[in-house]
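Trainee: So the chains spell out like this:
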Amino acid sequence: MAVNAEFAGRSYPPSGPYAVDAAMLAAFAAAVGSKDPVHTSPDAARAAGYRDVIAPPTFAVTLAQQCDRQLVEDPEAGIDFSRVVHGEQRFVHHRPITAGDAVLGTLTVDSVREAGGHAMVTTRTELATQDGEALCTSTSTIVIRGGE
Amino acid sequence: MGARTLAEAAVGDTIGPRTLTVTREALVAYAAASGDQNPIHQDEAFARSVGLPDVIAHGMWTMGAVGSVVEEWAGDGGRVIEFGTRFTKPVVVPSSGGEVEVSGVVKTVDEDTRRASVELTATSEGVKVLGRCIAVVQLD
Chain A
1 MAVNAEFAGR
11 SYPPSGPYAV
21 DAAMLAAFAA
31 AVGSKDPVHT
41 SPDAARAAGY
51 RDVIAPPTFA
61 VTLAQQCDRQ
71 LVEDPEAGID
81 FSRVVHGEQR
91 FVHHRPITAG
101 DAVLGTLTVD
111 SVREAGGHAM
121 VTTRTELATQ
131 DGEALCTSTS
141 TIVIRGGE
Chain B
1 MGARTLAEAA
11 VGDTIGPRTL
21 TVTREALVAY
31 AAASGDQNPI
41 HQDEAFARSV
51 GLPDVIAHGM
61 WTMGAVGSVV
71 EEWAGDGGRV
81 IEFGTRFTKP
91 VVVPSSGGEV
101 EVSGVVKTVD
111 EDTRRASVEL
121 TATSEGVKVL
131 GRCIAVVQLD
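Residue numbers (UniProt numbering), protein chains in the order written: chain A, 1 to 148; chain B, 1 to 140.
Hints listed in this document are in silico derivations from the structure and should not be mistaken for laboratory results. The model shown is predicted, which means the values in this text are computed figures rather than measured ones. C-beta: ideal position from N, C-alpha, C; glycine also. Accuracy of the hints is not assured; some may be wrong.
What the hints assert, rightly or not - Partial list, derived from the structure: chain B residues whose beta carbon lies under 7 angstroms from chain A:
no.	residue
1	Ala29
2	Tyr30
3	Gly59
4	Ala65
5	Gly67
6	Ser68
7	Gly77
8	Gly84
9	Pro94
10	Leu139
11	Asp140
As the list claims (entries may be wrong) - Below, computed lysine-lysine pairings styled on BS3-like, alpha-carbon distance capped at 30 angstroms:
no.	chain 1	residue 1	chain 2	residue 2
12	B	Lys89	B	Lys128
13	B	Lys107	A	Lys35
14	A	Lys35	B	Lys89
Looking at chain A on its own, in the form it has when it is part of the complex (with noise of 0.2 angstroms):
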């Protein structure tokens, strides 16, 4: 495989911050057919206990996606984005991310395997404030389909 094996247990310096608001949020929200109103009432947002609106359960893929490209875009990993296919995805959020939150990512590459020809890369990006509390855990595995 192209991919570089020893890419495996590196991490990468924070990237961001990425600053989120309502109106991503809202954006975000209605773009998967989420009608909970907590994505976009501060009023109701609040009424949950919350500081202000809150992002949906996925979109912390979206901060995730900006610091992997650290990884993708790093020519010595030897990934073809072009031929790049989503596996697996999970969060596991600490706490919800919301309108006001500069976020910070930091990426690790969990490991580098082969599998029937194809390369699979699994991420893992801590995404957390500035302050250092935790958002949220994203774990990605990417395929890279082998060459014909």
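Using the hints provided, position chain B relative to the given structure of chain A.
Mentor: The following block gives chain B in isolation, referenced to the frame of chain A:
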């Protein structure tokens, strides 16, 4: 609305089935909201040129749409504290739009942590599009 309580969740409880529609306009909106502008999710000619049957939905659109169904069951989107899946097959979105059937079943309820795990099934055109799709909900 308000979050679902421990008393309102039992192993074997079912969610749905719900039929979600997906249009190409929705994928354009998702591309803008997520930053994933891969043309296979918007451009039919491009999708076919790389061997796909038609435009396909972002895997993350599908996961997000299924997440919306879980949120509704949880009663508060902030209570979906874990959510993971495998992307097994793409959702094909013809110009007339596509559909995703979503259903769920409560697999575990932990009285100590007040957490429920829900296994979701998502199919499109009779084909399973997500595998091992599990959400954990923090109950009230």
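Trainee: Output the numbers, in ascending order, of every earlier hint that fails for this structure.
Mentor: 9, 10 and 11
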